[in-house]
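Listed in order, the protein sequences are those of chains A and B.
Taken in order, the first sequence gives residues 1 to 68; the numbers are from the numbering used here.
Taken in order, the second sequence gives residues 1 to 151; the numbers are from the numbering used here.
Hints in this document: simulated from the structure, not taken from any laboratory.
Among the hints, erroneous ones may be present.
As the list claims (entries may be wrong) - Not close to chain A: a few residues of chain B, all C-beta gaps over 10 Å, as computed:
1. Arg-6
2. Leu-55
3. Thr-66
4. Ala-76
5. Phe-84
6. Ala-100
7. Leu-125
8. Leu-136
9. Glu-142
What the hints assert, rightly or not - One side of the interface only, derived from the structure: several residues of chain B facing chain A at Cβ under 8 Å:
10. Asp-82
11. Glu-83
12. Glu-85
13. Tyr-145
Note that the Cβ used here is the ideal one computed from N, Cα and C, for glycine as well.
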Amino acid sequence: MRNRLKELRAAEGWSQADLAERVGVSRQSVNAVETGKYDPSLPLAFEFARTFGLPIEEIFLGDRQASD
Amino acid sequence: MGSTARNDIKALADLFRSTDESIVSQRHLMVIVVYLMVSAACAAPIAMAATTLWLRILLAAVLLVTFLAMMRHTVARVRALDEFEQLIAYRSLATAGFIAVWFVLFTGTVFLLIGFDNLFIVMALGPPEFWLCAALFMRGAENAYARGRDV
């Protein structure tokens, strides 16, 4: 699964630590999700979506969506 | 000392270098060191044949209580972590547990084969080895998965 976290975070001018604080996880977790080493749980994905004010599918892209 | 050995020592030092945001904090490592010292202090007299039975039982009890305290401390820490860190922590604990069981079985078998029939020391060395492995694995996994720069 791919995601647009880095791009969206950069647009807001936030560091990984800033985003981690807003979402309520560690910076390492944000790093692992951003780099695709860890797929977040649904509650965490919703938390990212709520933080950016976007629907989940605009942040997290399935492999098929990403290749389209 | 060769450069490979120097690199290994540097890698180990990096592994133990703590930051406040690390899963295995400096405080947690200190607890592990204290546990290792308590275990060593208990294991040596337990292994000595000259020690009285009551002293052995007392030291074994100290070892057990310390182990349970360590377990309680770790469970409380892991529960406070977020989902990704918990995944790393539980995987590390499971791997360390697997290795510790094999360590006890293998070392116990070797000791029996060479005629050293006091298995107390093997049993006493297993738990500290478990915690040390768990801490190393957590640090290693954290470095491998999540230690990118904050860009």
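Contradicted hints - numbers only
Those not satisfied are hints 5 and 9.
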